[in-house]
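Colleague: With the hints as extra help, turn the sequences into a complete structure.
Protein chains in written order, with our numbering: chain A, 1 to 240; chain B, 1001 to 1290.
Simulated from the structure, these hints should not be mistaken for laboratory data. Think of the CB as a built atom: it goes at the ideal place given N, C-alpha and C, for glycine as much as any other residue. Be careful, since some hints might not be right.
[Stated by the list, open to error] Restricting the straight-line Cα-Cα distance to at most 27 Å, the calculated cross-link-like pairs of lysine-lysine (DSSO-like) are:
| hint | chain 1 | residue 1 | chain 2 | residue 2 |
| --- | --- | --- | --- | --- |
| 1 | B | Lys1160 | A | Lys129 |
| 2 | B | Lys1115 | B | Lys1262 |
| 3 | B | Lys1160 | A | Lys111 |
| 4 | B | Lys1160 | B | Lys1262 |
| 5 | A | Lys129 | A | Lys111 |
| 6 | A | Lys111 | A | Lys3 |
[Stated by the list, open to error] Simulated DEER-style distance windows between Cβ atoms:
| hint | chain 1 | residue 1 | chain 2 | residue 2 | range |
| --- | --- | --- | --- | --- | --- |
| 7 | B | Pro1085 | A | Pro110 | 33 to 39 Å |
| 8 | B | Ile1008 | A | Arg132 | 40 to 46 Å |
| 9 | B | Gly1033 | A | Arg132 | 54 to 60 Å |
| 10 | A | Lys111 | B | Gly1033 | 32 to 38 Å |
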Amino acid sequence: MLKIDNLHAGYGGTAVLHGISLHVAKGQVVSLIGSNGAGKSTTMRAVSGMIRPTAGAILLNDADVTGMESYEIARRGLAHSPEGRRVFPTLSVTDNLLLGAFPRFTGSRPKGDINADLERAIDLFPRLKERRTQLAGTLSGGEQQMLAMARAVMQNPDVMLFDEPSMGLAPILVEEVFRIIERLKQEGVTMLLVEQFAAAALNVSDYGYVLESGRINIHGPAEQLRNDPAVRAAYLGGSH
Amino acid sequence: MEVFLQIIFSGIAVGMIYAVIAFGYQLTFATSGTLNFSQGDALAFGALAGLSIVEHLHNYWLMIPVVMVVGALYGVMIERLGVRPALKIKSEGWIMATIALGIIVHNVAENIWGKDDLKFPSPVSEIPINILGANVLPMEIIVVFGALGLMLAVELFNRKSIYGKAVVATSADRDAAGLMGINTSLVIVFSYALSSLTAAFAGVLIAPLTLTGASMGAALGLKAFAVAIIGGLTSGLGVIVGGLILGITETATGFYISTGYKDVPGLILLLLVLAIKPAGLFGKTAIKKV
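Modeller: Written out as structure tokens, the structure is:
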């Protein structure tokens, strides 16, 4: 479904990723874990076209999308819920959700039943229910995160990227975020997940990659990584 | 009292023209952070094109949609030639580029229509109507409602249609809008088309009240820019209030002091706003995260 091959990317001459390869199969949840600055978000941004890779290839549904603009990649079935939520603050919750379905309105993605999906998104994220008409900028951080994820669901994509969905949230909301990811997984959604809470991320994942200074040295089934002494010591220590 | 009302009414008509041009400045600023400094020339070009079209169509009202198309194409040209190359390399070159393109259009217009001002036939009676003792030209009423109508139509489009929401989303966060599958480059082209369409429309609205010529846009474009700054580059209500303030103070100064000084209060107001509330009377201060 999503295949990254020998990807190099960075910002203005500073290389961050030095040739990473990973694969997300249909229906799988794959985690990308690593410390701050390892290049997790850079990977996500390169995949969704927010930055242009300097080398390597990105295949979405077996089609080469390397170097395409982000709107083109989105129309080909990739949803990216970016770091920092990035909801549209001056628009209502409902309008934010409808914009998730923008390519479906314009015919560049199969239309499906947008209203039914709107109900489903609200159902998945009940916190948004009473906030429907409120401006997204007035929501709390947790609600904005739910909105950003719900907006990605509205895209009805083939692959979803979630970048740090639990960042800055209260523990109870972190649990809720993971519960929702679990539920999306049960519905068969293909996901690539970047998380600070590595243990929780591996718990919901089928497979994991460990990113260190822009390179992937360790990867394997999530179960195996959870029990790997080196991974445990570096990323799974502490409370989670 | 009647004189005072007369000043108010005339001021409102002029002010609404400023408002609608200023509104055009806002449209491109919202989506791309750039301004089309050839708005005044778009206005003059629109009015002159309108004059030629009226000669063929013999109908002012049928001419308006045609002029709007001309204005939109003008905006697309400005964006392609002057703005997109600068945006691509994140330069401020669009400032000089849009001014330069405006000068070229001005010269082309002079060569086509001549340097002399031309009379634009009024589509309605030129006999003033008496409202509470003040004389109001029917065209002045059309100006006010035409300008308001256009701004309202754009607002409705932005609020109600999914394409309008895509424009608002692009203004709020261009990267995130791209992730939603919105072609943000196309949204910027569209905002330029809409902005110049607005200016061309303002041109044919004001033309029957003034004279039409290649230079008619220079002062209007500049004053509308002042209105956009006074009202705030981000507030739709701000440009209407700003336009009315400038229109009315100008007419009042022209009557009570001297027409030679009529541009002064507006500029003083501009300086005051810049000194005291740089975001404009209704503008929100932009907070930039670094």
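Colleague: All the hints need checking, so say for each whether the structure fits it.
Modeller: Evaluation of the provided hints:
1. B:Lys1160 - A:Lys129: holds, 21 Å
2. B:Lys1115 - B:Lys1262: holds, 25 Å
3. B:Lys1160 - A:Lys111: Within the cut-off at roughly 19 Å; holds.
4. B:Lys1160 - B:Lys1262: violated, 40 Å
5. A:Lys129 - A:Lys111: holds, 23 Å
6. A:Lys111 - A:Lys3: At roughly 26 Å apart (the allowed maximum being 27 Å), A:Lys3 and A:Lys111 satisfy the hint.
7. B:Pro1085 - A:Pro110: 33 to 39 Å: Between B:Pro1085 and A:Pro110, where Cβ atoms are some 36 Å apart, the hint holds.
8. B:Ile1008 - A:Arg132: 40 to 46 Å: holds, 43 Å
9. B:Gly1033 - A:Arg132: 54 to 60 Å: This hint is violated: roughly 31 Å between Cβ atoms.
10. A:Lys111 - B:Gly1033: 32 to 38 Å: holds, 33 Å
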